[in-house]
Amino acid sequence: MDLKLDDLKTYLRIDGSEDDGILALLIDSAKEYLANAGVPESDSQLYKLAVMLYVALHYENRDPSAKMDKFNFALESIILQLKD
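Residues -16 to 67 in this note's numbering are what the sequence shown lists, from first letter to last.
No lab work stands behind these hints: they were computed from the structure.
As a list, the in silico DSS-like pairs of lysine-lysine whose alpha-carbon atoms are at most 27 Å apart:
#1 K14 - K(-13)
#2 K66 - K14
#3 K31 - K(-13)
Here are the simulated distance ranges between beta carbons:
#4 M(-16) - S48: 31 to 39 Å
#5 L63 - H41: 13 to 21 Å
#6 S27 - S48: 32 to 40 Å
#7 S25 - A57: 14 to 22 Å
#8 S25 - L(-12): 16 to 24 Å
#9 S0 - H41: 13 to 21 Å
#10 N19 - D(-15): 17 to 25 Å
#11 N44 - D(-10): 15 to 23 Å
#12 I5 - N55: 13 to 21 Å
#13 E59 - Y(-6): 14 to 22 Å
The C-beta atom is built at its ideal place from N, Cα and C for all residues, glycine as well.
Please construct the entire structure, taking both the sequences and the accompanying hints into account.
Below, the structure is given as structure tokens:
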């Protein structure tokens, strides 16, 4: 999968480079999460969107005291489609 950091930053509406390290970590975490969910890495646009959604969820919910009760429905739906 060829997800450019600039594309992700545009999706997240991030200017600057101070969060590039955390974004790279979240991209790797997203790929690992999808692999553990049974989704092989691919060049499909849907896979790229799944990675961006995963990163967005974890980037925007970084407060350790906040609790994410349920994963995003859109991401769950994409994972189910990619597994088939």
